[in-house]
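Engineer: If you read the sequences in order, they're chains E and F.
Just so you know, we're using my numbering here: the first sequence kicks off at 1 and counts up by one.
Just so you know, we're using my numbering here: the second sequence kicks off at 1001 and counts up by one.
Mixed in with the good hints there might be a few duds.
Stated by the list, open to error - Just a few of them, taken from the derived set where beta-carbon distance is under 10 Å, the chain F residues facing chain E: (1) 1069; (2) 1287; (3) 1353.
As the list claims (entries may be wrong) - Negatives, chain E to chain F, calculated, CB over 12 Å: (4) 77; (5) 152; (6) 172.
Since the hints were made in silico from the structure, they are not lab data.
Glycine included, each C-beta is placed from N, C-alpha and C at the ideal position.
Letter by letter, the chains look like this.
Number of protein chains: 2
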Amino acid sequence: MTGEEGAAPRRGLSRRGLLGLAAGGGAAAVVLAGGGFALGAGQRQGAVADVVHPFFGVHQSGITTPVQEHLHFAAFDMMPRSDRDDLIELLKDWSYAASRMTAGLEVSATGAVGGPAEAPPDDTGEALGLPASALSITFGFGPTLFEDEGGDRYGIRDRRPPKLERLPAFLGDDLDPAQSGGDLCIQVCADDQQVAVHAIRNLSRIAFGRAKLRWSQLGFGKTSRTTADQQTPRNLFGFKDGTANILADDAAALDEHVWVAEEDGPTWLAGGSYLVARRIAMLIETWDRVQLGEQERIFGRDKREGAPLSGGTEQTAPKLAGLDAHSHVRLANPGSNGGTRILRRGFNYVGGNNSLGRLDAGLFFLAYQRDPAQFIDLQRRLSTDLLNEYIRHTGSGIWAIPAGAAEGGYVGQALFA
Amino acid sequence: MTGEEGAAPRRGLSRRGLLGLAAGGGAAAVVLAGGGFALGAGQRQGAVADVVHPFFGVHQSGITTPVQEHLHFAAFDMMPRSDRDDLIELLKDWSYAASRMTAGLEVSATGAVGGPAEAPPDDTGEALGLPASALSITFGFGPTLFEDEGGDRYGIRDRRPPKLERLPAFLGDDLDPAQSGGDLCIQVCADDQQVAVHAIRNLSRIAFGRAKLRWSQLGFGKTSRTTADQQTPRNLFGFKDGTANILADDAAALDEHVWVAEEDGPTWLAGGSYLVARRIAMLIETWDRVQLGEQERIFGRDKREGAPLSGGTEQTAPKLAGLDAHSHVRLANPGSNGGTRILRRGFNYVGGNNSLGRLDAGLFFLAYQRDPAQFIDLQRRLSTDLLNEYIRHTGSGIWAIPAGAAEGGYVGQALFA
């Protein structure tokens, strides 16, 4: 835990942000503010040496960051009658709190236990004593933030990236609107689920009166790697997937496939990306009854090593002509798609079971790309994927991911300049 | 990964167990059986040095075992028309698979990738390459297993422990029958959620035709410690709870409060215990608006250190007279309960959010005791707990936990002797 002094802007939460934390506590809330950025009371006890991903930087963390063990993803809608100042203030408050939590600190200087006994604590406290745990917090703006049936609520309609549109319908979509979309999104990843849950919970509190949690999703057991030294993990079908992912040290591929360039426009999004989330339910019990040879034919990889069925080892480039024409690897491989690549960092999920005793389980797919067309083209190509018999897309969303915030600034600041 | 040779009985799954794994695969399933216990194909690749809790032993693992990071708990109902032989065979199959998985192996010798291409794999494969991850698998028998509206289905009615009865109703219960009860239960704990999920999924497959998943619950961030060197973790109210838990090295307390003794009866349950599970929803947003001083008064502990408000440090015994008469610590402390103690090993859970944006979150309470009356007395005493304003009990179950299986035997064997 080093460098905390420089890790956050030297200010506190807004009056509104504190009001969210203290709502119901009455006037005492405002007294809490204090102002300034003090260490000491806010520092977690017992924090051990740990990985810290700084919040401020050229790009937001959580994209090329080595994939963590756990996910808590949340989509928010702005509250009715909120205005431009509310939105900017919320983004400032979120940035301040995120910069602290990613450094292993509480959401404010007084935190869970440093405030007056007569006020609700700023921080909910369940992460007290836990280290930063590689926490990353990544914010995004949905199409409806720029314009919805309420019109140009935040004065940013003409700044919407033309490519930031609701995704088209895909063959086999079975989307639940209540688990899709959202004006804003926050992707929280950490190596400790308690730390991830703590972040979403406290950011949700801070949003009080300005934005409301719309839907959320927990995940575990990362399904992709983003650095060469990470093993390719297995999805709930038991296969290694995402072997050909874009890795964090491949600057050229990131520039070509992930980061929005100045010339792509709009200028405020340069250095950012587009995030597509898809909740993909897996028909686990049906899959489990498929013969091993058939499972491998469907994926185009052997189950043991993850090697393409055309030969070699996991890292061998598949010879596409040697695979079933509708196998997953053949259809998803850049060689079948004019070189289209995306950066995946999805997670497995299990949400219990239904009344038939079947597991509610699947893949929460998360992909970053320079242009939403990359995902759309790939997904259309997958319309004949043999895997489709065993999966259902039940949730969906797209968000523009602004570049990283500068020290002392806030995420998305360029959008309001 | 050492000692696998001795870690499981030298036999495979029953024909029925294999049929479950292969259901839908047709006649090929039976060919799979092979028989014998072969290593090699079944061994996970890339397994690293790791904690292994042996399945066989005097007591089942998962009770005094140091609490792991993750939980997947599942309740099962026996299928209609199943008989005594089905039940015994299921327990044999489950024991065999559990003894393998806790050793870091797949559910059978051929596992995920070692079988013929023409049959569904025995193992679903998502834990291939992952170490045992401190996996523990604990089995229990509910009151309805011994007798239900179908009568004495398994010929064990007269062997029901008289104390194994459905829990009485408690003040404030808001139980969902679909998330309560069950003929059988399996508590799976592991330091890797993917490993825990893999275990429940594969045990559920093996049960095919004999038992069906009734409900299940994931959890994280253990809320109690069971060894002195574990930190007391925090619940989602941000407080350390369970400081006074019974620890694994306190043999006298375990004998007095946790293990069923010979003289308690019935004989087949000696060395076992009774497990009570309660799904306790927390009204997170309401709690978060309570003043710090009031939160501490309700718990009877300070939030920072977990010390009793009567003074000292976390480990100081509370002076009960110095606490609010309805504070949680005062009511739950053995000093208020004629010395009643239980062994707790609960987990936090978050299941998403409701349409108001409120988190579906709380505590999945798990407690082991020598006599269900211990829990019942405590829970009745907690009827005036100040905490009750912020929690709702939404799920409940009780199971007799047999002693550990002997090498080559199966869990619960004494019940059928």
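Engineer: Give a verdict on every hint.
Structural biologist: The hints, checked one at a time:
Among the interface hints, the one on residue 1069 of chain F holds; its C-beta lies about 8 Å from the nearest C-beta in chain E, closer than the 10 Å criterion. At its closest, the beta carbon of residue 1287 of chain F sits 8 Å from a beta carbon of chain E; the interface hint therefore holds under the 10 Å criterion. A cut of 10 Å between beta carbons decides the hint on residue 1353 of chain F: the least distance to chain E is about 5 Å, and the hint holds. Distance check on residue 77 of chain E: its Cβ comes as close as 9 Å (rounded) to a Cβ of chain F, failing to clear the 12 Å threshold; non-interface status is violated.
With a closest Cβ-Cβ approach of about 25 Å to chain F, residue 152 of chain E is found to remain outside the 12 Å limit, as its non-interface label requires. Distance check for residue 172 of chain E against chain F: the nearest CB is about 22 Å away, which clears 12 Å, and the non-interface claim stands.
Hint 4 alone, counting from the list given before, is not met by this structure.
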